[in-house]
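Protein chains: 2
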Amino acid sequence: MGTNVEQKAFTIVENGTIVTPRGFTAGGLHCGLKKTSRNDIGAIRCDVPATAAAVYTTNVFQAAPLKVTRESLSNGRLQAVIVNSGNANACTGQQGEEDAYAMRTAAARELGVAEEDVAVASTGVIGELLKMDAVHSGISGLPAHMGKEEEEAEHFSQAILTTDLVKKEACVAVEVNGKTITIAGAAKGSGMIHPNMATMLAFMTSDAVIGAEALQRLLRQATNHTFNMITVDGDTSTNDMLVAMSSGLAGNEELTVEHPDWKAFAAGFTYVCEVLAKAIARDGEGATKLVEVQVTGAVSDESAQAIAKTVIGSSLVKSAMFGADANWGRIIAAVGRAGQPVNPETVDIRLGDISVLAQSRPVVFDEEAALAYLQTDTVRIVVDLHHGKGTATAWGCDLTYDYVRINAAYRT
Amino acid sequence: MGTNVEQKAFTIVENGTIVTPRGFTAGGLHCGLKKTSRNDIGAIRCDVPATAAAVYTTNVFQAAPLKVTRESLSNGRLQAVIVNSGNANACTGQQGEEDAYAMRTAAARELGVAEEDVAVASTGVIGELLKMDAVHSGISGLPAHMGKEEEEAEHFSQAILTTDLVKKEACVAVEVNGKTITIAGAAKGSGMIHPNMATMLAFMTSDAVIGAEALQRLLRQATNHTFNMITVDGDTSTNDMLVAMSSGLAGNEELTVEHPDWKAFAAGFTYVCEVLAKAIARDGEGATKLVEVQVTGAVSDESAQAIAKTVIGSSLVKSAMFGADANWGRIIAAVGRAGQPVNPETVDIRLGDISVLAQSRPVVFDEEAALAYLQTDTVRIVVDLHHGKGTATAWGCDLTYDYVRINAAYRT
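Protein chains in written order, with this note's numbering: chain E, -2 to 409; chain W, -2 to 409.
Excised from the complex, chain E in its bound form (with noise of 0.2 Å):
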């Protein structure tokens, strides 16, 4: 399945991880807030104060970490995050807002840094306290397990995992004037489930000199095309939060949106959130394959997004896919519903490269071909309205037996 955005523009690199960029270290290791012996507590580290900018999740109800972050980032600098697992800080009232600020103080202490310069983010159970005894001693540990080893990288990945299968990273190369810029990713989320909800976390960082605002921007268009079109489950945690610094190590001429390499440093960014935002739809609870939907010919790009996301928040057209059954009937009712300027009698629908459905019409296709196609590990749904030309695509998963059981089973 081909990416969206232009791979020209910059190179793949192989291994590359979040201290790939110059300047960057990081670690984890287990403190205790996890009850196995998984890496519950993390953090990176920017050799300088970093340019940074970050998106936080929509929901009315957001955990104490969020307000602490926001709080740092009101300058457009960071020079370190830190993370724990196991425990989200979320619905914790006055006493868990406090215990976010000793987080930020005790990981500026610890790190070097200046307090107003850390980013704190959790994830985890909900309504419980952290257990700040066993954050304080996972801080003082980190400054020994800091590096730029592909190892240590991992260990700052695994931290930040609650039931997530797989790693989540990606990292790309571009040049600008003649510089090799390098911007990396690190994420985690596989829908809310288990313990109560795996929160969606990316940390992003790069070596580019780029103004605060430029990157804010960057951040924000690149998250509307990548991690806000993909969909497990439809339901959003109090603790999403995606944050990427740029340590402007790189030596480059200040990346602007003028800039004549701007567009290869969007992309290369734009395809590392994609990558991640791709993993996370994956990784899905108790999915066994990825399903992209591309809608094209919608009235705008925004009214394909929402059609977009209608089809692939389908829990029938996920049961379909789950069941490998070419069903569109499920997929043009979900087109319909969608709210968006629709024409009735002009919507194609094809499944990868099988026409199913011809101006509005049904296709007589070759069963057995899609069958096989839809057990593959990899399935797109193409939708043209034929109305305009608005394009957008989205990314989810099957809805399957295991969702049910990892979801049905939690606390009882």
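A portion of the hints provided could be inaccurate.
It does not matter which identical chain is used: a pair holds within one copy or between any two.
[Stated by the list, open to error] Below, a list of computed lysine-lysine pairs in the DSBU-like style, where the Cα atoms sit at most 35 Å apart:
1. 386 x 64
2. 260 x 386
3. 164 x 260
4. 32 x 286
5. 64 x 145
6. 386 x 286
7. 5 x 286
Hints are computed from structural coordinates only; laboratory data are not their basis.
Keeping the supplied structure of chain E fixed, place chain W upon it in accordance with the hints.
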């Protein structure tokens, strides 16, 4: 679980059916549209032209019968409804439209009513043309099967079912100026399932004297608080249709909004809608229980409706209900993403009478009592936002292994 409408205003007619109100006959038989020998065509007929009203699916893709019914209803009058199951006559183009008109013509002829007084409804697979031979033979046979007996109403009810496990019927009596008015309804629907879309159809009969505009207004209001507040999986069909007919044979003073007994009539009418809607929710595919979400303290009723529907539509909440898991974190997360004004500090959540969240903080509750309550077949989630006076109730069901089995197993 109590109903939302004032019960004193009307009395429930046990074993009442759509032929209980004066003037109506009904019937159904098997004509060959279903592969089994179950009934697949049926009709309701009124002795006199009846005041009529209808609401239709909001899906952009509307099946051919809806066009025909809209046309018949343009004068606010109907004398018969012809319904088939086994084939939805949707996505069938020009031929489908001609077939729907042919169904209307045949029904008018055989039932001895004017063509423009016949509504047409279909449910079943989409994208296939109706077998018109079977339809015509069925309609020819109908007059001999029409009657006022409970058995004949039952034959009609069976003819509109697809994968429904149980018939959905309700009947009440209301006093208006000392005259007894009867209101009844029959419905089908259990989510959009095999054979493709289990359309929601509901037919209401009454013998009240009432104008078409007043009936239309009441039907829409009642629908907004009942049928529009249920969700099985969030998907809507191309064929959903609710039709109400009132014969006027009770001989009461014409009911208008100003009539002193209007409230009683509206309460009875809404009660019938609510019973049918809840029966559909409880019969959702794979469901083991009815889930009711009551939202109070929202800024408006509309806001409360949006929040209630987001909670009842959450796959995570539905899975938790299947697992009898008192997982308030998922409930509050759904409340928070509904896009409605909420004070994040003042939310209470109860499961039945068990308080699990008060003023947005976790409450220590009796886990065993909560488990026992959530294992019953009717569960109520109460969300009090303490943020206004808006209230709403929504109904749905749990998300189970059987939902996935039913929906993944179709066609393949």
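So, going through the hints one by one against the coordinates:
In the homo-oligomer, the alpha carbons of residue 386 and residue 64 lie at most 35 Å apart only across protomers (29 Å), although the nearest pairing inside one protomer, at 40 Å, exceeds that limit. In this homomeric assembly, residue 260 and residue 386 come within 35 Å of each other (Cα to Cα) only inside a single copy, at 22 Å, whereas the closest approach across copies is 51 Å. Only within a single protomer do residue 164 and residue 260 lie at most 35 Å apart by alpha-carbon distance; the minimum there is 28 Å, versus 61 Å between protomers. Taking the shortest alpha-carbon separations for residue 32 and residue 286, both the intra-copy value of 30 Å and the inter-copy value of 34 Å come in at or below 35 Å.
Proximity of residue 64 and residue 145 under a CA criterion of 35 Å is satisfied intra-copy only: 29 Å inside one chain copy versus 67 Å between copies. Taking the shortest alpha-carbon separations for residue 386 and residue 286, only the intra-copy value of 29 Å comes in at or below 35 Å, while the best inter-copy value is 45 Å. Taking the shortest Cα distances, residue 5 and residue 286 sit within 35 Å of each other inside one copy (27 Å), while across copies they are farther apart (54 Å).
Comparing the model with each earlier hint shows no violations; every hint is respected.
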